[in-house]
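Novice: Please build the complex by placing chain B on the supplied structure of chain A, with the hints as guidance.
Protein sequences, first through last, are from chains A and B. Just so we're aligned: the first sequence equals residues 1 to 258 in my numbering. Just so we're aligned: the second sequence equals residues 1 to 275 in my numbering.
Bear in mind the hints are in silico, worked out from the structure with no lab data behind them. Fair warning: there could be bad hints in the mix.
The calculated lysine-lysine pairs, modelled on BS3-like cross-linking and capped at a C-alpha distance of 27 Å, are [said to hold, decoys possible]: (1) 133(A) to 87(A); (2) 59(A) to 74(A); (3) 87(A) to 74(A); (4) 74(A) to 49(A); (5) 272(B) to 139(A); (6) 224(B) to 42(B); (7) 183(A) to 30(A); (8) 49(A) to 183(A); (9) 224(B) to 114(A); (10) 59(A) to 89(B); (11) 87(A) to 13(B); (12) 115(A) to 223(B); (13) 87(A) to 41(B); (14) 213(A) to 59(A); (15) 41(B) to 89(B); (16) 213(A) to 30(A); (17) 139(A) to 41(B); (18) 41(B) to 274(B); (19) 125(A) to 115(A); (20) 223(B) to 274(B); (21) 9(A) to 74(A); (22) 74(A) to 133(A); (23) 274(B) to 133(A); (24) 223(B) to 139(A); (25) 87(A) to 274(B); (26) 133(A) to 41(B); (27) 125(A) to 223(B); (28) 133(A) to 115(A); (29) 114(A) to 223(B); (30) 223(B) to 213(A); (31) 89(B) to 274(B); (32) 42(B) to 49(A); (33) 89(B) to 49(A); (34) 224(B) to 87(A); (35) 42(B) to 87(A); (36) 87(A) to 272(B); (37) 115(A) to 224(B).
Quick caveat: nothing in here was measured; it's all calculated off a predicted structure.
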Amino acid sequence: MEDPVIEIKNLYVSYNEIPVLENINISIYKNQFLAIIGPNGGGKTTLLKVILGIVSPNKGQIKIDGHNIDQGRKLVGYVPQISDFNKSFPINVQDVILMGRLSDQKGLFHNYSKKDYLAAENIMKQLDILNLKNRQIGKLSGGQLQRVLIGRALASNPEILLLDEPTASLDAESRNNIYNILKELNDEMTILVVTHDLTAVSSYFDSIACLNKNMHYHGGKNLLKEDVDQVYGCPVDLIAHGIPHRVLGEHEGGSKDD
Amino acid sequence: MKVVVKMIEALLKYNFLQNAVYSALMASVVCGIIGTIIVEKKLVMMSGGIAHTSFGGVGLGYYLNIEPIFGAMFFALLSSVVIVTIRRKTEVDSDTLIGIMWAMGMSLGILFISFMKGYPPDMSSYLFGDILTVTNLDIKVMLVLVIFVVIAITALFNQWKAYLFDEEFSYVRGLNTNFYEYFLFILIALTVIVLIRVTGIILIIALLTAPPAMARLFTYNFKKIIILAIIFGMIFSILGLWLSYLFNIPSGASIILLIGSTYFLMATIVQKVKT
Numbered sequence: 001m002e003d004p005v006i007e008i009k010n011l012y013v014s015y016n017e018i019p020v021l022e023n024i025n026i027s028i029y030k031n032q033f034l035a036i037i038g039p040n041g042g043g044k045t046t047l048l049k050v051i052l053g054i055v056s057p058n059k060g061q062i063k064i065d066g067h068n069i070d071q072g073r074k075l076v077g078y079v080p081q082i083s084d085f086n087k088s089f090p091i092n093v094q095d096v097i098l099m100g101r102l103s104d105q106k107g108l109f110h111n112y113s114k115k116d117y118l119a120a121e122n123i124m125k126q127l128d129i130l131n132l133k134n135r136q137i138g139k140l141s142g143g144q145l146q147r148v149l150i151g152r153a154l155a156s157n158p159e160i161l162l163l164d165e166p167t168a169s170l171d172a173e174s175r176n177n178i179y180n181i182l183k184e185l186n187d188e189m190t191i192l193v194v195t196h197d198l199t200a201v202s203s204y205f206d207s208i209a210c211l212n213k214n215m216h217y218h219g220g221k222n223l224l225k226e227d228v229d230q231v232y233g234c235p236v237d238l239i240a241h242g243i244p245h246r247v248l249g250e251h252e253g254g255s256k257d258d
Numbered sequence: 001m002k003v004v005v006k007m008i009e010a011l012l013k014y015n016f017l018q019n020a021v022y023s024a025l026m027a028s029v030v031c032g033i034i035g036t037i038i039v040e041k042k043l044v045m046m047s048g049g050i051a052h053t054s055f056g057g058v059g060l061g062y063y064l065n066i067e068p069i070f071g072a073m074f075f076a077l078l079s080s081v082v083i084v085t086i087r088r089k090t091e092v093d094s095d096t097l098i099g100i101m102w103a104m105g106m107s108l109g110i111l112f113i114s115f116m117k118g119y120p121p122d123m124s125s126y127l128f129g130d131i132l133t134v135t136n137l138d139i140k141v142m143l144v145l146v147i148f149v150v151i152a153i154t155a156l157f158n159q160w161k162a163y164l165f166d167e168e169f170s171y172v173r174g175l176n177t178n179f180y181e182y183f184l185f186i187l188i189a190l191t192v193i194v195l196i197r198v199t200g201i202i203l204i205i206a207l208l209t210a211p212p213a214m215a216r217l218f219t220y221n222f223k224k225i226i227i228l229a230i231i232f233g234m235i236f237s238i239l240g241l242w243l244s245y246l247f248n249i250p251s252g253a254s255i256i257l258l259i260g261s262t263y264f265l266m267a268t269i270v271q272k273v274k275t
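If we strip away everything but chain A, and leave its shape as in the complex, we get:
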């Protein structure tokens, strides 16, 4: 079996002594398309931030492509939640995407090179936002802004893409559009998506993990499909009853029986 791209062992994280993540163990393999679902405050975003080195764990080990986080996170592209943004900031689409090519090694009086601009342009073409190149980001629709942020993450040529709620507050069409883009990107890279969007889970992802302080992950690389169906069966049912909070309650019980 090949080595995992991301390997998390025995991970514990707490904020001000309140535990957020407990005993997380997961191995994610190359070209996996993993959804992480769970209730608000379940630690989904925190898990992404740990992988990115923004939040440091209290305990546990994370390897990204065999490296520790400091080295490994260079392989990771990050797409944060669009709600966290200062959308009035005077910056246009092209400049946001170019940001993905910046690093501290660029030094003083740095200018983006022709190569950087070309890469940005190709990405914008690929994501169908080239016509929005000069638009200030506050003047984009949610779906467009989401594509811009994906573009920014792609600009650093990542091998792993982490997305935080990429389809929150998008209409059905933009949502499908985003998932189709991700599906295409999945041929070249490993993708982790934190989402509430349970309707998309079965049709697009090839594996799924539930996170509510503890992780319930049923997928090894080879037996993903059955697990997806199994996990997916319960939340959809409950969501339909309009009691999303029970999703995990029910689900936790179910997973313990596994």
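Specialist: Using the frame of chain A, we list chain B on its own:
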């Protein structure tokens, strides 16, 4: 026309008027740059806090009989570093923190002055600015600070832009956001020092915010906002200075009132044109 000729004659003749013009122009440059940054990063009140804290340094300067501007610089730098550190290390709300430091700085200033023997010095030029009393030493200090601020921002422009727009992503890209945060606050402190003589501690905030706010009415480009803000700042500070000379009114007040009312006028017109 006659007034203009008279003004130019006076300008050529009097050193204090030349210094006033130089300081107005230099103030406009840092205001355009740092003002735009603090407006976009929503650090306006933070900057006001640093400005007011520096009053403690002015008082200390008088008390120890050193140049008050150096006392102010020491206090401004100290308070900016303290604010960032406390903000990072604890969960105290920045707003609360600024409120406390703001008033403490002012109180220290008053305290130091009250310790002085004899007749207390006139503090109003530090509080409200008096551009017509800017000394040659002030000009030299300002020039050094302005050059430093301009180089610090232009040399790392792309990095600053990324940091200001999205701190978290910049960190993920390997930028040392810790460094940028401290550095930004130090630059704000230095800007405050440049502006103290021009508008005074109390009026600084308006000169920092009005030109970028005006520029923002016309463009969405970060670099253009800075450049436009510098130009607006220069035009209105010189005009304000002229009015102050003409009618013998305090320069800080005339510059701020002119720039503030022009902003509201412009904003109204632009709003009307757009709809």
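Novice: Does each hint hold? Answer for all of them.
Specialist: Hints versus structure:
no.: 1; hint: 133(A) to 87(A); verdict: holds, 16 Å
no.: 2; hint: 59(A) to 74(A); verdict: holds, 22 Å
no.: 3; hint: 87(A) to 74(A); verdict: holds, 26 Å
no.: 4; hint: 74(A) to 49(A); verdict: holds, 14 Å
no.: 5; hint: 272(B) to 139(A); verdict: holds, 20 Å
no.: 6; hint: 224(B) to 42(B); verdict: holds, 19 Å
no.: 7; hint: 183(A) to 30(A); verdict: holds, 14 Å
no.: 8; hint: 49(A) to 183(A); verdict: holds, 23 Å
no.: 9; hint: 224(B) to 114(A); verdict: holds, 22 Å
no.: 10; hint: 59(A) to 89(B); verdict: holds, 21 Å
no.: 11; hint: 87(A) to 13(B); verdict: violated, 50 Å
no.: 12; hint: 115(A) to 223(B); verdict: holds, 22 Å
no.: 13; hint: 87(A) to 41(B); verdict: holds, 12 Å
no.: 14; hint: 213(A) to 59(A); verdict: holds, 14 Å
no.: 15; hint: 41(B) to 89(B); verdict: holds, 20 Å
no.: 16; hint: 213(A) to 30(A); verdict: holds, 25 Å
no.: 17; hint: 139(A) to 41(B); verdict: holds, 19 Å
no.: 18; hint: 41(B) to 274(B); verdict: holds, 26 Å
no.: 19; hint: 125(A) to 115(A); verdict: holds, 15 Å
no.: 20; hint: 223(B) to 274(B); verdict: holds, 23 Å
no.: 21; hint: 9(A) to 74(A); verdict: holds, 20 Å
no.: 22; hint: 74(A) to 133(A); verdict: holds, 26 Å
no.: 23; hint: 274(B) to 133(A); verdict: holds, 23 Å
no.: 24; hint: 223(B) to 139(A); verdict: holds, 18 Å
no.: 25; hint: 87(A) to 274(B); verdict: holds, 20 Å
no.: 26; hint: 133(A) to 41(B); verdict: holds, 23 Å
no.: 27; hint: 125(A) to 223(B); verdict: holds, 26 Å
no.: 28; hint: 133(A) to 115(A); verdict: holds, 17 Å
no.: 29; hint: 114(A) to 223(B); verdict: holds, 20 Å
no.: 30; hint: 223(B) to 213(A); verdict: violated, 44 Å
no.: 31; hint: 89(B) to 274(B); verdict: violated, 45 Å
no.: 32; hint: 42(B) to 49(A); verdict: holds, 24 Å
no.: 33; hint: 89(B) to 49(A); verdict: holds, 19 Å
no.: 34; hint: 224(B) to 87(A); verdict: holds, 18 Å
no.: 35; hint: 42(B) to 87(A); verdict: holds, 13 Å
no.: 36; hint: 87(A) to 272(B); verdict: holds, 23 Å
no.: 37; hint: 115(A) to 224(B); verdict: holds, 24 Å
Figure legend: structure checked against the earlier numbered hints; hints not met, in rising order: 11, 30, 31.
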